[in-house]
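J.: Please construct the entire structure, taking both the sequences and the accompanying hints into account.
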Amino acid sequence: MRKPKIRELKEAFRALFEGADTTGFPLEPVEPVEGYRGKPEFQEQCIGCGACAEVCPSGAIELS
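For the sequence shown, our numbering begins at -13 and goes up steadily by one.
Misleading hints may appear alongside valid ones.
[Claimed, not checked] Cβ pair distances, simulated, as ranges:
#1 34 x -5: 52 to 60 Å
#2 40 x -4: 54 to 62 Å
#3 45 x 12: 24 to 32 Å
#4 49 x 22: 19 to 27 Å
#5 15 x 46: 21 to 29 Å
#6 -5 x 48: 45 to 53 Å
Calculated from the structure, these hints are not laboratory results.
Small disclaimer: the values here were computed from a predicted structure and weren't measured.
For every residue, glycine included, the Cβ atom is placed at its ideal position computed from N, Cα and C.
T.: Have a look at this one:
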């Protein structure tokens, strides 16, 4: 019971002081695919007209 706890403590301290074992991903920026229209942004001026739901190409927006 004691040895696993000591091993975990050693592992935690090693990670704390030596840094992460993994590398950042991706190494270089990813080019957007053709047809990418940007990330959706929330606009507080919504009046509930439903125009956004009509033009959404994937049909991901639904007003109730």
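J.: Now look at each hint and say whether the structure bears it out.
T.: How the hints compare with the structure:
Distance hint check for residue 34 and residue -5: the Cβ-Cβ separation is about 56 Å, which falls inside the suggested range of 52 to 60 Å. The hinted range of 54 to 62 Å is satisfied by residue 40 and residue -4, whose Cβ atoms lie roughly 59 Å apart. Between residue 45 and residue 12 the beta carbons are some 29 Å apart, a value that agrees with the proposed interval 24 to 32 Å. For the pair residue 49 and residue 22, the supplied restraint of 19 to 27 Å holds, since their beta-carbon distance comes to about 24 Å.
Taken as a hint, the range 21 to 29 Å holds for the pair residue 15 and residue 46, whose Cβ atoms sit roughly 25 Å apart. Residue -5 and residue 48 have their C-beta atoms about 50 Å apart, which keeps the hinted 45 to 53 Å range intact.
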